[in-house]
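First to last, the sequence lines map onto chains A and B. In this text, residue positions in the first sequence follow the working numbering: the first is 1, and each later residue adds one. In this text, residue positions in the second sequence follow the working numbering: the first is 1, and each later residue adds one.
Careful, some of the hints might be misleading.
The list treats identical chains as interchangeable, and a pair is accepted whether it falls inside one copy or across any two copies.
What the hints assert, rightly or not - Below, simulated DMTMM-like cross-link-like pairs (lysine to aspartate or glutamate); rule was C-alpha separation at most 25 Å, straight line:
#	residue 1	residue 2
1	K265	E116
2	K313	D391
3	K399	D79
4	K258	E155
5	K111	E155
6	K111	D264
7	K90	D264
8	K313	D367
9	K301	D336
10	K320	D161
11	K321	E404
12	K265	E85
13	K313	E136
14	K377	E305
15	K258	E85
16	K313	E84
17	K265	E383
18	K377	E85
Calculated from the structure, these hints are not laboratory results.
2 protein chains.
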Amino acid sequence: MALADLHTKIDLQNSSQLSYVSTRLSYNHRISLRPLPQPHNSRICCSVTSKEVQAPVTVNTEEPKKKPDCYGIFCLTYDLMAGEETKSWKKLINIAISGAAGMISNHLLFKLASGEVFGPDQPIALKLLGSERSFEALEGVAMELEDSLFPLLREVSIGIDAYEVFQDADWALLIGAKPRGPGMERADLLDINGQIFAEQGKALNAVASRNVKVIVVGNPCNTNALICLKNAPDIPAKNFHALTRLDENRAKCQLALKAGVFYDKVSNVTIWGNHSTTQVPDFLNAKINGIPVKEVIKDTKWLEEEFTEMVQKRGGVLIKKWGRSSAASTAVSVVDAIRSLVTPTPEGDWISSGVYTAGNPYGIAEDIVFSMPCRSKGDGDYELVKDVIIDDYLRSRIKMTEAELLAEKRCVAHLTGEVRIKFPSSRILQLTL
Amino acid sequence: MALADLHTKIDLQNSSQLSYVSTRLSYNHRISLRPLPQPHNSRICCSVTSKEVQAPVTVNTEEPKKKPDCYGIFCLTYDLMAGEETKSWKKLINIAISGAAGMISNHLLFKLASGEVFGPDQPIALKLLGSERSFEALEGVAMELEDSLFPLLREVSIGIDAYEVFQDADWALLIGAKPRGPGMERADLLDINGQIFAEQGKALNAVASRNVKVIVVGNPCNTNALICLKNAPDIPAKNFHALTRLDENRAKCQLALKAGVFYDKVSNVTIWGNHSTTQVPDFLNAKINGIPVKEVIKDTKWLEEEFTEMVQKRGGVLIKKWGRSSAASTAVSVVDAIRSLVTPTPEGDWISSGVYTAGNPYGIAEDIVFSMPCRSKGDGDYELVKDVIIDDYLRSRIKMTEAELLAEKRCVAHLTGEVRIKFPSSRILQLTL
Chain A
1 MALADLHTKI
11 DLQNSSQLSY
21 VSTRLSYNHR
31 ISLRPLPQPH
41 NSRICCSVTS
51 KEVQAPVTVN
61 TEEPKKKPDC
71 YGIFCLTYDL
81 MAGEETKSWK
91 KLINIAISGA
101 AGMISNHLLF
111 KLASGEVFGP
121 DQPIALKLLG
131 SERSFEALEG
141 VAMELEDSLF
151 PLLREVSIGI
161 DAYEVFQDAD
171 WALLIGAKPR
181 GPGMERADLL
191 DINGQIFAEQ
201 GKALNAVASR
211 NVKVIVVGNP
221 CNTNALICLK
231 NAPDIPAKNF
241 HALTRLDENR
251 AKCQLALKAG
261 VFYDKVSNVT
271 IWGNHSTTQV
281 PDFLNAKING
291 IPVKEVIKDT
301 KWLEEEFTEM
311 VQKRGGVLIK
321 KWGRSSAAST
331 AVSVVDAIRS
341 LVTPTPEGDW
351 ISSGVYTAGN
361 PYGIAEDIVF
371 SMPCRSKGDG
381 DYELVKDVII
391 DDYLRSRIKM
401 TEAELLAEKR
411 CVAHLTGEVR
421 IKFPSSRILQ
431 LTL
Chain B
1 MALADLHTKI
11 DLQNSSQLSY
21 VSTRLSYNHR
31 ISLRPLPQPH
41 NSRICCSVTS
51 KEVQAPVTVN
61 TEEPKKKPDC
71 YGIFCLTYDL
81 MAGEETKSWK
91 KLINIAISGA
101 AGMISNHLLF
111 KLASGEVFGP
121 DQPIALKLLG
131 SERSFEALEG
141 VAMELEDSLF
151 PLLREVSIGI
161 DAYEVFQDAD
171 WALLIGAKPR
181 GPGMERADLL
191 DINGQIFAEQ
201 GKALNAVASR
211 NVKVIVVGNP
221 CNTNALICLK
231 NAPDIPAKNF
241 HALTRLDENR
251 AKCQLALKAG
261 VFYDKVSNVT
271 IWGNHSTTQV
281 PDFLNAKING
291 IPVKEVIKDT
301 KWLEEEFTEM
311 VQKRGGVLIK
321 KWGRSSAAST
331 AVSVVDAIRS
341 LVTPTPEGDW
351 ISSGVYTAGN
361 PYGIAEDIVF
371 SMPCRSKGDG
381 DYELVKDVII
391 DDYLRSRIKM
401 TEAELLAEKR
411 CVAHLTGEVR
421 IKFPSSRILQ
431 LTL
């Protein structure tokens, strides 16, 4: 059941929540809603049995909105309509980036600013979110952006408060998260990063554009995206993406290598499920030169075992070789992901993105964020691709990654606002507040 | 006196050198010329009095040419003329990059591969030069390039031998050098990096395209470029550049900030001289909205003192803020520098580049690499701008940076092949071998 429907039901049942909920649903007249600080849970609750946990509470603190600090040259005001070259440009868009002082952002920001993502007539504002610890580095990034003289980059602001930085964001690229180091467990990441994405979801809900598109890159990105969207009930859940484009790109490259063709000949590659080692790179629906991969690569053992493992483990191999995670190619894949939403998907092809499963046609569990094949008309929105084949092998793999995501979801129930009540009959009733 | 002229003279005077020199001058039928390894000078000779030092010797070892290792997907051969989309593309160009595993390259390579530098119809081959120590990181970079699926990137090869990697290079972007850390003296860099650039000059001379364009980024870049061109006598000295574009960009930004205009309104900014703290950002010839800067910014004290210092020290400030040197904006400025050679310079404007001073119209000492105002027709070549004003203030600053470069040149005499013989009359005769 979608969140909005439930709100309505709660309204009818519980009049004491009425003013709070109606404020949350007020799309046009927004008030900065800032939750009271909550103590950080040092341990996450991963029990599958019931446990009453506190749902996220959004409280209107009625603090005045504060703009993040503009930086240097970008504090100038100007009228783009006044310039001969700039008056044909589109309206400025606001792009918020978390983890802006990190390595992925350090690649991504300069790509965004250069115009290669949104095109040569799209001026942009970059809103950089960092931490207190990284604030000086954030200033360094802003200085380097100044020194790069990008004509399309018209505003840069920096801040450490998501409620300020996400103000009117048209895009939110959520990169900031503790990165996965060598040997680090996924559960550790869930614990560390979940709180951050709950907070950022609330901030987006309070201050971002109602049509903001959110791409979550910080790992574990599927579950972080779920936490984020659950904490932003006024923004359509469909607007939230978890980045699996790097996995798709890697899968294309490995299929091309095996087939002895260049990577531009590979299409229709889906990454199913979680951006983790359970991800399922789909060779059943993929094509090489328009021909099904299985007709081109006859080595089924390679496809079922080595290929999948190669894609799943590519990140780890790179960390070993390079000594750090793959910032540059991750940034490239974020660019690819954005471009795929703002330009029409080529005829007959599709792209992979981790999106909300509500109403999916594949029988995947509802109410998680799962990578699936998508097509876009280039309007920022997407639709799920219907004409895909799912055989027993693929189904079994999808089930495994689905199970992982459901387990992750249970681990972060305290952050998504799910309260489970165990009845004596051990039937579980699940309420979404 | 140019090197080529001297070779001819030596030929006539010394027949024992004839076969060696004529091989060096054979443009069309090239043989891989590899010098015998020379002991590394642990201390540099910086005496201005005479000292006989060994000139660089190029010896034909007649080793077979070896191609650097192609990487993964890029080992495939393909016929670009066979594809519907690719048959209208230009001929593949070879771009060699030294220090390819470093941070500047990590930004630059992905910009080159994306097509934003050479355009959407220019396929490229990237030839990555690293060191034995960085070889695994180099593989990591190649893997990330694979995973980025850039359609225009058709070849990637990696190697640690400049004689292999520079083979047929159309562009050589020489980034690799020990970077200047906080508090490091410029003299330390001269010592450490000079040998590298002498060797790379020899390698370019032996195997690169006769029309290769070389951009030296590794510091001290002016003197490194001088060393490099002196060791590549068969390549026109005019083809060597030392990067001062980042300084130009920084100067534009600071002028814009002071004038309260956006940086796209600032033009005709020259950086004169050395890419060091003696560099001279020229506000005399610079314009804001087409008006001389001095008519827009009346604060002469700021222009003469603060502005110059701000530009000169920007790099140091950034190192402090950011904890490392400014890789991203340096890469952007390399892109700017290349673009300025392959696209016509906008009417009335110019760009700064550290180029060989032979025949310069400004009265700057001959036979050094000095940043000066250049214009290009977009053919890869450039001409020096003649209509610039030089007043007493500017002249005195230019003299200071010239003096620094002449001193640097003396310090690397053992690497440029200059032998000084002190006569009893203390008249100094300078021979260029």
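Hint check:
Taking the shortest Cα distances, K265 and E116 sit within 25 Å of each other both inside one copy (23 Å) and across copies (22 Å). For the homomeric pair K313 and D391, the shortest alpha-carbon distance inside one copy (24 Å) is at most 25 Å, but the shortest distance between copies (63 Å) is not. Proximity of K399 and D79 under a CA criterion of 25 Å is satisfied in neither setting, with 54 Å inside one chain copy and 42 Å between copies. For a Cα distance limit of 25 Å, the shortest separation of K258 from E155 across copies, 17 Å, qualifies, whereas the shortest one inside one copy, 45 Å, does not.
For the homomeric pair K111 and E155, the shortest alpha-carbon distances inside one copy (15 Å) and between copies (22 Å) are both at most 25 Å. In the homo-oligomer, the alpha carbons of K111 and D264 lie at most 25 Å apart both inside one protomer (22 Å) and across protomers (19 Å), since each shortest distance falls under that limit. Proximity of K90 to D264 under the C-alpha cut-off of 25 Å is restricted to the inter-copy arrangement: shortest distance 18 Å between copies versus 31 Å within a copy. Proximity of K313 and D367 under a CA criterion of 25 Å is satisfied in neither setting, with 27 Å inside one chain copy and 54 Å between copies.
For the identical chains of this complex, K301 and D336 are neighbours neither inside a copy (30 Å) nor across copies (48 Å), given an alpha-carbon limit of 25 Å. In this assembly of identical chains, K320 and D161 lie within 25 Å of each other by CA distance solely across copies; the values are 24 Å between and 34 Å within a copy. In the homo-oligomer, the alpha carbons of K321 and E404 never lie at most 25 Å apart, since the shortest distance is 28 Å inside one protomer and 41 Å across protomers. For the homomeric pair K265 and E85, the shortest alpha-carbon distance between copies (12 Å) is at most 25 Å, but the shortest distance inside one copy (38 Å) is not.
For the homomeric pair K313 and E136, the shortest alpha-carbon distance between copies (17 Å) is at most 25 Å, but the shortest distance inside one copy (34 Å) is not. Proximity of K377 to E305 under the C-alpha cut-off of 25 Å is found in neither arrangement, the shortest distances being 35 Å within a copy and 55 Å between copies. In this homomeric assembly, K258 and E85 come within 25 Å of each other (Cα to Cα) only across copies, at 23 Å, whereas the closest approach inside a single copy is 48 Å. In the homo-oligomer, the alpha carbons of K313 and E84 never lie at most 25 Å apart, since the shortest distance is 51 Å inside one protomer and 35 Å across protomers.
Taking the shortest alpha-carbon separations for K265 and E383, only the intra-copy value of 24 Å comes in at or below 25 Å, while the best inter-copy value is 43 Å. With identical chains, the CA atoms of K377 and E85 are at most 25 Å apart between copies only, with a shortest distance of 22 Å across copies and 29 Å within one.
Checked against the numbered hints listed earlier, the structure breaks hints 3, 8, 9, 11, 14, 16; every other hint is satisfied.
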